[in-house]
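If you're matching them up, the sequences are chains A and B in order.
The end of the first sequence is residue 252 by the numbering used here, with every number in the run present.
The end of the second sequence is residue 153 by the numbering used here, with every number in the run present.
For the record, the hints were derived by calculation from the structure and aren't laboratory data.
Mixed in with the good hints there might be a few duds.
Here are the simulated SDA-like cross-link-like pairs (lysine to any residue), alpha carbons at most 25 Å apart as the crow flies [unchecked claim]:
no., chain 1, residue 1, chain 2, residue 2
1, B, Lys-75, A, Glu-101
2, B, Lys-76, A, Leu-140
3, B, Lys-76, A, Gln-72
4, B, Lys-76, A, Asn-138
5, A, Lys-233, B, Glu-48
Using C-beta positions, here's what the derived DEER-type ranges look like [stated by the list, open to error]:
no., chain 1, residue 1, chain 2, residue 2, range
6, A, Arg-119, B, Glu-48, 44 to 54 Å
7, B, Arg-12, A, Gln-113, 41 to 51 Å
8, B, Glu-48, A, Glu-202, 25 to 35 Å
9, A, Ala-248, B, Asp-68, 39 to 49 Å
10, A, Asn-138, B, Pro-67, 24 to 34 Å
11, A, Gln-116, B, Ser-45, 51 to 61 Å
12, B, Glu-34, A, Met-251, 24 to 34 Å
13, A, Tyr-142, B, Asp-68, 16 to 26 Å
14, A, Ala-248, B, Lys-75, 44 to 54 Å
15, A, Asn-134, B, Ala-63, 13 to 23 Å
16, B, Pro-67, A, Asp-203, 25 to 35 Å
17, A, Gln-113, B, Glu-34, 47 to 57 Å
18, B, Val-100, A, Thr-51, 46 to 56 Å
Here are some chain B residues pointing at chain A (derived, C-beta under 10 Å) [to be verified]:
no., residue
19, Leu-54
20, Pro-62
21, Ser-66
22, Ser-81
Virtual Cβ for every residue (Gly too), placed ideally from N, Cα, C.
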Amino acid sequence: MSSAKDPPSASPDQDAPSPKGEALTDADQDAPSPKGEALTDAERAKLQERRLVRRLRRGDQRAFATIVRTYQQRVFNIVFRFLGNREEAEDVAQDVFVTVYQNAQNFRGDSKFSTWLYRVTVNHCKNRLKYLKRRGRHMGRPLDEVAEHLMAQGSGETQPAFHAAIPRPDELAQGRQLEALILREMGKMDEDHRLLVVLRDIQGMSYQEMADVTGLNVGTIKSRLHRARLALKEALARHMR
Amino acid sequence: MDHQRAQDLLSDYLDGELSDESISELEQHLESCDECQSELESLGDTLSVLKGLKPADPSPDFLQQVTKKVRRRSKSAFDFNFGLDRKIPFEAVSMILLGILLALYLILVVLPKEQVDPAAPTSTRPDAGAPMKPVPPGSGSQTMTP
Ligand SMILES: [Zn+2]
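Could you build the full structure based on these sequences and the hints that come with them?
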């Protein structure tokens, strides 16, 4: 990358990601970019992230707040889909950011910041699950609670969840049932498989980033994920019959 | 391409992870194999349900909760609140208090004794000399034997 200097047209201390796309293009002649072209959105986001992380390492609270706001939903969603329990997920997601704040010094910038953040997230998820299991909470149970709840919402008050005798025209309700079914099935899944489903199929992560986050190689990830998807597909098929 | 191989590649096919060559081989098999065809469809349905899950939102006060935890957990609040409402770490406060107490002890208790002791008989300060005075022998025995 060129330099971390802010071109004059961009405000240097911008906290929120800018929705404007033209901010950096004016200064292009002054700020030498490797290809002499305008920075893409992705490149600009990367620069901004680097500035934020540098400020975070100095203990800058505003940078920390921006990072929390930027990533809170993604981190929470991963934790929630993995643990299946909102209360636990809230607590774990908070812990993730506390760890990020306290260990910002250890982030050297060899990987993307988000990769590091998700690695911290995955570690916290696994540790919490271990802790919950030690305390006698079965692996599938928290997810089952979510599924049960969704099922109740989707199928009406008195209808049993998958009583298909009277088909409901309400597509939303059907979507909810599918969702509930899948979440329940995920709760039964081995945690390593579930994690891959969450990262790839729910969170939309690339295989390379998944490899960086989990430490598994891409081949292993693909074959495990395929097996996990087949299990989910089977569960769907059983109930569609 | 044989049936088993085709089954194994369905995920990669949906992910767009296959080479052009593998894609055309697989598609050739799909045309002649109903089982793989329907397997592909239901696998695709499963993936779209997963992708369609609404992202779950953390509570609105998430950031405040995180900030609170950071404050609670960092041993010294010093670095976190630097520049805003700057707090002095507990360790520093206790060291200073300890120093003050030690100084007070030296000034009020130890030093007066040492200075006063040799001059005890001529001391004009009643409270400094008082504890050193022997108890009058008569006062105690009288109460013991009425
Ligand atoms: Zn086949």
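>> Hints numbered earlier in the text: which of these fail when held up against the supplied structure?
In response: Structure breaks no hint.
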